[in-house]
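**Student:** Following the hints, complete the assembly by docking chains B and C onto the known chain A.
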Amino acid sequence: MEIMSQALTQRLTDELGKIRLVDPHSHINPHAAASKTLADILGYHYYTELAHSAGLPRETIEEPGLGPKDKVARLVTKLPELENTVQYSWLIEMCQVFFDFDSETVTAQNWERLYDRAATKMALPDWEEQVLERSGLDAVFLTNDFDDPLTGFDTRRYIPCLRTDDLVFHLAKPETQQRLAKASGVEFTDTATLRGVIGKLFEHFSRNGARACAISLPPDFTPEPVVAAAADPILRKLRNQQPLSSEEVRLVSCFVFWTLAEFCVEFKLPFDLMIGVNRRVYEAGVYQGQDLFDQRCSLIQYRRLFNAFPQVVFPISVLSHAANQELVSYSWIFPNVVTNGHWWYSNIPAYIEFDTRARLQAVPQTKQIGYYSDMYKLEFALPKFAMYRRVLANVLASDFVLARGWSEDRAIQLGNLVLRGNVERIFSC
Amino acid sequence: MEIMSQALTQRLTDELGKIRLVDPHSHINPHAAASKTLADILGYHYYTELAHSAGLPRETIEEPGLGPKDKVARLVTKLPELENTVQYSWLIEMCQVFFDFDSETVTAQNWERLYDRAATKMALPDWEEQVLERSGLDAVFLTNDFDDPLTGFDTRRYIPCLRTDDLVFHLAKPETQQRLAKASGVEFTDTATLRGVIGKLFEHFSRNGARACAISLPPDFTPEPVVAAAADPILRKLRNQQPLSSEEVRLVSCFVFWTLAEFCVEFKLPFDLMIGVNRRVYEAGVYQGQDLFDQRCSLIQYRRLFNAFPQVVFPISVLSHAANQELVSYSWIFPNVVTNGHWWYSNIPAYIEFDTRARLQAVPQTKQIGYYSDMYKLEFALPKFAMYRRVLANVLASDFVLARGWSEDRAIQLGNLVLRGNVERIFSC
Amino acid sequence: MEIMSQALTQRLTDELGKIRLVDPHSHINPHAAASKTLADILGYHYYTELAHSAGLPRETIEEPGLGPKDKVARLVTKLPELENTVQYSWLIEMCQVFFDFDSETVTAQNWERLYDRAATKMALPDWEEQVLERSGLDAVFLTNDFDDPLTGFDTRRYIPCLRTDDLVFHLAKPETQQRLAKASGVEFTDTATLRGVIGKLFEHFSRNGARACAISLPPDFTPEPVVAAAADPILRKLRNQQPLSSEEVRLVSCFVFWTLAEFCVEFKLPFDLMIGVNRRVYEAGVYQGQDLFDQRCSLIQYRRLFNAFPQVVFPISVLSHAANQELVSYSWIFPNVVTNGHWWYSNIPAYIEFDTRARLQAVPQTKQIGYYSDMYKLEFALPKFAMYRRVLANVLASDFVLARGWSEDRAIQLGNLVLRGNVERIFSC
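Residue numbers (the working numbering), protein chains in the order written: chain A, 1 to 429; chain B, 1 to 429; chain C, 1 to 429.
Next comes chain A alone, as it looks inside the complex (with noise of 0.2 Å):
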């Protein structure tokens, strides 16, 4: 029975991974989205926050002109203290798969032969369309500042995606409210005008092919609607630069978060929400390596968002495991509640697992969406989908196939779903 189970196994994760993917969140730049050298792999907040974290000073790994060559010289320093990671595993593997790499570690012996290969393989000019064959992706969602012009790139190929972290949150710094004004024509001074402004954006986002607004948000942020009455002396304060106390930004976040939603419901987008983050807890880590999390964070919060906007689709990911039940239960009661993938500091196998086999077992088939690779570059997508493949394959076979009598074809199917078909669905792309 077991020697099957193992065969199964394998064979589901085969089975998976001829499924070609769209990958619904990263932060790819479609102008330069593969990698150049093995520094902007090795440059990936993952490797240098763990670097950093195995006691590689910050300085080190961003000296100011530092090259690539030199930058990976330094990080592969502490590389041997990170192989039990299974962040390390995604490197080796991108190195096999990708360049020809024939070690289980990247080593002061063999890194820089390692860098040079591929240097050259990544000089190919048709390398960005190789990786993206190799690793079965159709189309990757960006990650798009609400000023980014969206040209110059295919929209088919790299959907854009309006981020929308800066308006709901830093819309009191002088820099955001000049993006604004330059990205819409219109210089805002109250609810209405701001309003409009918002409206902008998503006219012009919605234009060239986005197929979802997006946010990140912190454990205790808990949205509801806020009057103009109340919003517009506020925002007269933040035009003027007067300071706001802590609840005046906290009902200027309010505000724009929910007119955000109001205008998903206009321009039909699912409401990305990720949620749990909280932003620069270790000032001293490296760049993108700051932001940690409250595990004391409920989906209560969003009682209200979800009642009041039956129309939306709001795909939610959480930061911390703790909340994955929340999850599940929510997505299980509210039609407009979705699971979406496996965020940051959840997205290791011992939560993938438990996670998805708790959303496979009580959240409808049709309101999961598998996994998102959450990448800045594309050579991530292999070995982060292979990840999640293996787990799922894990889940199918002993919940399903074992426990339940499934089919192998079956299962599949249920893979497939989760993996590429409600994509397609939620995002209609």
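Calculated from the structure, these hints are not laboratory results. Be a bit skeptical, because a hint or two may be false.
Claimed, not checked - The following label-pair restraints were derived from C-beta to C-beta distances:
id	chain 1	residue 1	chain 2	residue 2	range
1	B	P57	A	R304	18 to 24 Å
2	A	K18	B	E408	40 to 46 Å
3	B	E408	C	R279	52 to 58 Å
4	C	L244	A	T60	54 to 60 Å
5	A	H27	C	Q96	41 to 47 Å
6	A	R304	C	A192	48 to 54 Å
7	C	D138	A	E112	38 to 44 Å
8	B	K18	C	A32	39 to 45 Å
9	A	N416	B	V97	51 to 57 Å
Unchecked claim - Far from chain B, by Cβ distances over 12 Å, these chain A residues were calculated:
id	residue
10	A32
11	R74
12	R239
13	P310
14	A386
15	R410
Backbone N, C-alpha and C define an ideal beta-carbon position, used for all residues, glycine too.
**Tutor:** Leaving out everything else, chains B and C in the frame of chain A:
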């Protein structure tokens, strides 16, 4: 070894399947315990809320005057989206065992024949007996309103249980007060008379074979004693239909709750606490499909209660998986706290398995009530207990027989205690 | 494949069993490290509290003047109810390994012979040496009161550790102040003199080979610096035995805690934080069996501390399994945060396994202290570390050898680092 372990788990499952059951918590109506049509089964809130979550409008499901066959026809349209859920697997198991259904899915093609065959079986005069026998059920605990006359059924088979949510959380409602007056023959005016009224309810229930007092509680509830001098004026306002402040509402709830615990001492009744549900979170949801939870809840909120009532056994259910470790720890320390089943959003194999492992590893074996069905119709006991027994067999096989070298007989004895023995001893039934 | 995997886990367990240990946290009394009778073993709070939880009255267990044999006789009556617990399995493993016990249960029939055989063994002059040798223990960290003279034992075998709960949380008690005055030779009156007093404690401990400062902390504790101007008047009130407000109590705790961290910098000592215990929750409980926890606790409460003391290593234990993901994430980001063992209510295989998987998948391998015994008597190291090694072997087999294709040697090296190497390096011992 592992080949043995699969066979081992099967043997344990089979042996656990022979244990006859007393189901320590259900919502069975003893006057109509079994289903009349498939609509009674598909009308269970698990199916209506999942179908609604998958997109079926509430109005379609709950249209006034809708006949049972039409209701089933409508729900069947959404069943394909739920095939992955464990709740769907209960449906299939019921249909296969009770109605000779030989398919793995209920479809537009086969549902009507299934409906008719089920109706024929359910119309048999001994259908209720057949279900009880086939499910191995010796007795089933009920959930009785405080004003239930408790007449017209065999209280040894259907064991009364005094449900007290209305008393603790809805005493301000005129309807509750009228029901109380009618049930007790007394109009309460202050703490003394209210205590008398509650005492009469306990007498009535105790005289009719009740074996537990029970209540479900929101995540933020923290029981504490309230002196008469504080509660009396509030009760007067409440009786005069004057509006209460939220603090006054809280004090009334605490007073009534504490009084219930005092009567549990006097009447030697266990007090089932089902901790952690927020009611009406999704008000547009289907009937019984509107409640969710906030994982930020701790058993520390019950420290005064557990300390104040050492004579009362508190079988505790927690809605949130995150609270299970606290439940394990509090049961390991407090003599009067025992673990009770796997409730609602925690009642899926992923959570049952993990929670069961922790309980069996750290709580005295005599202080664990393994499972209850929470069912509304008798047919559900079979697939729900079967699900639990499979998980339990798996844990007994891996953690006891394989990891600790226990004999299979010894493991089955542990299973027997958790499934049946403890229910009898703890509830004196 | 799976047949291989069972054998693989066994081989890894055997190899891990050869690694000699330094136990980085215990409550051993170095003047009476090993047990004298079975009452020392069954008197461990795990057994007394579980027996009490199962119904044995505290007075029966803690009757003044009760002899060790009578105490064991009384506890044995409740042992059958605890046979399922992992703590019971430690007992049986100790009895089998140390006392040639050949039964699987301690019963009314066999306990007395066991008691006598144990007493004979324990009376051997080299019993302590035998236990250390059989358990593979090279050294054991202690938990020393701040006024411990640290004399009369080999501090390389029994390594001092400055435990500081009394200083931080009980400084207002006259007894604490008297002990401090006696230990330091100085009566503190304000922050400056209190700082001097604490400095003397660090000098004393450092001179005697202490390798860590340690403290256990309640779930709601949030360290922050307190300026002298704020703390001085409170310390004067405290010295005059004037009652403090809860805010003043909090400020004193914060001041002392922050001062301890400052001395950890000066004396280059790691600061063990054991986060999350509520003391005396169940005041009628047995000795050491009164503490529980509130899962609503976050490492975000320690952000200022971790940022302010980059030079101090903080080995962190969390009482709640729910906090493990935060621990993994904070250790992955903060260079000065390392994971430390599996504490108390999290010290059962179900939680150890899941927590270990997450740590090994995402925290640099050099930043993980796998396990400590927390024992009061030497005999407990053997079964507790054996439990951990079995879990660790299982995780290494599944997540590294099978899932990632590691060689067994490589997996064992990772196990060695986590079990031994990191303890030596982090604590410089």
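**Student:** Hint by hint, say whether it matches the structure.
**Tutor:** Status of each hint after checking the structure:
Between P57/B and R304/A the C-beta distance comes to about 21 Å, which sits within the given range of 18 to 24 Å. Our hint of 40 to 46 Å for K18/A and E408/B holds, since their Cβ atoms are close to 42 Å apart. Judged by the Cβ atoms, the range 52 to 58 Å given for E408/B and R279/C is violated: they are separated by roughly 42 Å. The given range of 54 to 60 Å is broken by L244/C and T60/A, whose C-beta atoms sit roughly 47 Å from each other.
For H27/A paired with Q96/C, a C-beta distance near 56 Å fails the hint of 41 to 47 Å. R304/A and A192/C have their C-beta atoms about 53 Å apart, which keeps the hinted 48 to 54 Å range intact. In this structure, D138/C and E112/A meet the distance hint of 38 to 44 Å, their C-beta atoms being roughly 41 Å apart. Separated by about 51 Å at the C-beta atoms, K18/B and A32/C break the suggested range of 39 to 45 Å.
Checked against the given bound of 51 to 57 Å, the beta carbons of N416/A and V97/B, roughly 31 Å apart, lie outside it. Non-interface status of A32/A relative to chain B is upheld: no Cβ of that chain comes within 12 Å, the nearest being about 39 Å off. Every C-beta of chain B lies more than 12 Å from that of R74/A, the closest at about 41 Å, which supports listing it as non-interface. Distance check for R239/A against chain B: the nearest CB is about 37 Å away, which clears 12 Å, and the non-interface claim stands.
For P310/A, the requirement that its beta carbon stay farther than 12 Å from each beta carbon of chain B is not met, with the minimum near 7 Å. Separation of A386/A from chain B is adequate, the least Cβ-Cβ distance of about 23 Å exceeding the 12 Å criterion. A Cβ of chain B approaches the Cβ of R410/A within 12 Å, the least distance being about 8 Å, so the stated non-interface status is violated.
Hint check: violations occur at hints 3, 4, 5, 8, 9, 13, 15; the rest are consistent with the structure.
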